[in-house]
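Participant: First to last, the protein sequences are chains A and B. By numbering that gives the first Met the number 0, the letter at position 81 of the first sequence is numbered 80, and the numbering carries on one by one without gaps. By numbering that gives the first Met the number 0, the letter at position 313 of the second sequence is numbered 312, and the numbering carries on one by one without gaps.
Take the hints with a grain of salt, since some may be wrong.
Derived pair list, reagent style SDA-like, types lysine to any residue, alpha-carbon separation capped at 20 Å [as the list claims (entries may be wrong)]:
no., chain 1, residue 1, chain 2, residue 2
1, A, Lys196, B, Ala195
2, A, Lys310, B, Pro279
3, A, Lys72, A, Met92
4, A, Lys156, A, Ser257
5, B, Lys45, A, Lys196
6, A, Lys310, A, Lys156
7, A, Lys310, B, Val192
8, B, Lys45, A, Gly171
9, B, Lys45, A, Val160
10, B, Lys45, A, Ser257
11, B, Lys45, A, Asp162
12, A, Lys125, A, Val102
13, B, Lys34, B, Arg242
14, A, Lys310, B, Pro299
15, B, Lys42, B, Leu55
16, A, Lys196, B, Pro299
17, A, Lys310, B, Leu180
18, A, Lys88, A, Ile28
19, B, Lys109, B, Arg242
Because the hints were derived from the structure by calculation, they are not lab data.
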Amino acid sequence: MAGPHKGPAAAGPRTVLAYLIRRLIAVIIMVLVVLLATFTVFFMLPKWAGQDIAVLFAGKNSGAEQLEGVREKLGLSDPLLVQFWDFVKGIPMGRDYVNGSDVTHCPAPCFGYSFRTEEPVWTTLKDALPVTGALAAGACVLWLVAGVATGVVSALKRGTVWDRSAMVTALGGVSLPVFFTGMLMMGVFVHNLGWVKIADNLGSDDSLGVWLETLILPWIVLAFLNAAMYARLTRATMLEVLGEDYIRTARAKGLAESAVIRKHALRSAMTPILTVFGLDLGVLMGGAVLTESTFNLPGLGLQAVNAISSKDLPVILGVTLCAALAIALANLVVDLLYAVIDPRVRLG
Amino acid sequence: MTAPLHDTPADADPTEDVAPAAGAGVRKVEGRTLKQIAWNRLKRDKVALAGGVTVLLLVLVAVFAPLVVGLLGHPPDEFHQEELEDLTNLPKGAFGGMSGDFLFGVEPNKGRDIFSRVVYGARISLLVAFLAAVVAVVLGTIFGIVAGYFGGWIDALISRVMDVLLAFPQLLFIISLVSVLPDELLGLRDNGVRIAVLVMVIGFFGWPYVGRIVRGQTLSLREREYVEAARSLGGGQRHILFRELLPNLVAPVTVYATLMIPTNILTEAALSFLGAGVLPPTASWGSMLRDALGTYEHDPMFMVFPGLAIFVAVLAFNLFGDGLRDALDPKGTR
């Protein structure tokens with residue numbers, strides 16, 4: 000960590016723009032790779048295992064002719080890469096499913112049609128995205144604030160009862176599965192005490208109050224696991240940073256202790272925390288899936304789980320794509336934040 | 000660096016055998032290997048020891064599950080309708096039907112012995128977690144060493160692959176993968192397929208974490224004098240990789256493997272909770288919680304024991320792993 004201080008980043012707006020464009024291209028490539036992997040697994044594995052996707056679509060009791068029609072219309076007989084390309088192209092441009100005179104136009108953004116409900120996958124995604132987004136964003140804020148604050152206080156009051164109890168709680172938090180804490184919280188606060196009511200459905204026409212009341216427990220549950228981890232991490236890095244020479248220098252030149260902590264120690268302790276945060280976004284996605292299943296929230300995760308039990312491949316693919324895109328974009332944001340927090344990091 | 004917390008020399012490198020060449024005059028200085036030093040430290044760390052003992056107990060319970068259940072419970076798949084209320088199908092008696100006969104009570108609706116199912120659940124949980132950690136460690140070590148040692152485009156390629164895997168929505172991917180799997184694969188059937196897939200997939204998504212650490216260690220180790228010496232003595236690539244580098248990676252990899260098991264236990268439980276784990280009626284902690292989710296409004300006790308089992312197992316491994324890390328790494332202040 001103790002590299003030479005190169006002074007403030009001298010990146011002009013043009014280098015930043017170039018950096019952004021380069022990173023965005025990397026994000027797109029990354030998402031395409033994830034998509035190709037998912038695509039291969041879901042559309043090829045059943046084939047290799049002797050299952051027929053057309054049967055999944057049309058149902059087991061369909062006649063051979065009907066199945067052939069489905070195969071033709073969905074392009075299931077085409078080579079993998081052709082199918083993949085058709086799928087990718089459909090997202091920005093829309094897509095026509097053609098079987099002779101039978102044409103179904105799927106407007107952009109086209110992710111195909113659900114095998115189960117025959118609705119466009121995009122409709123499902125559109126309704127589910129805000130729920131997962133709100134869940135993940137709220138939990139992120141809560142966990143970062145709670146985790147970092149606990150860690151800083153623990154590091155400053157090292158060895159006290161506060162420190163010990165915070166660290167014991169943190170260790171407990173790391174070791175508890177979200178679905179278990181979720182069920183416990185729900186049991187206590189929803190069913191036993193009746194303090195919170197969880198809505199069956201969340202839509203854009205529900206009031207902010209309904210959203211908040213429904214999401215408050217999931218936020219806490221999802222944040223708790225990670226806050227615990229971040230408290231431990233913040234404590235460790237803070238302890239390390241507080242031992243550095245420049246902290247002693249800052250104190251020696253008469254800086255107020257609060258300024259030393261905020262401007263000097265915390266700022267450089269944030270860099271490793273951000274690194275881990277970037278890596279944990281995938282874990283967050285997994286946590287969101289579990290939280291949604293536990294609380295029955297109609298987000299991406301629940302849609303995916305439902306789709307999986309009915310082998311609804313297009314929905315699974317759409318959700319995985321959304322999740323990969325979200326993770327990649329969030330990682331980009333994290334990288335940009337680096338440059339804000341750590342002057343040694345230069346974009347470009 | 001902060002002040003050394005340990006009474007042993009703080010500048011001892013964990014990756015080097017701390018066996019000072021005791022000169023003829025200073026016989027009193029006893030050469031101790033890293034293993035001895037670590038063991039001595041671990042012995043003093045009561046919390047880590049408690050974790051270690053719990054881990055050992057869990058392993059014993061899992062291995063001797065039939066014996067434990069034979070002594071203290073009922074067969075895990077046996078229905079006990081007589082333990083349930085007629086109308087509601089909820090367990091008779093308080094606390095989910097806990098009694099001397101049914102230590103952890105019985106399941107609602109089916110009346111199976113929760114104790115036996117928790118005990119058998121330990122088998123699945125630990126088996127999958129251990130094997131997946133092995134897969135992750137083997138893959139991670141190989142790719143990590145190769146990336147760190149050879150550098151260049153090989154390193155770039157492996158690092159990119161690790162980045163992609165770390166950004167993968169794993170949980171979604173795994174449950175979807177399990178859903179399209181056939182019942183029979185490579186001569187395995189049903190639960191055999193499920194367990195093999197769980198192990199391979201959890202291990203596969205775990206290797207980048209090991210790989211990053213091994214790569215970093217290799218990068219710093221390959222510039223060391225002893226590697227230089229081995230090279231100048233005519234040691235081939237194979238010799239340097241396996242005889243010089245690998246032994247020095249054992250400590251960090253061991254620590255990481257131990258800390259990986261609790262994560263794997265949680266992942267396996269999560270997958271079972273989502274219905275992508277072993278098939279019923281085989282018991283696993285995650286699938287018990289899944290069953291409990293449907294009935295916990297009326298019978299909250301059902302979820303307590305499988306949940307606690309996960310908690311205890313994960314906590315024990317975490318404590319033991321943390322202790323092991325502190326013991327093997329004199330520099331660690333964490």
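Participant: If any of the earlier hints don't hold here, list their numbers in rising order.
Facilitator: Hints 1, 5, 6, 10, 12, 14 and 19 contradicted; others consistent.
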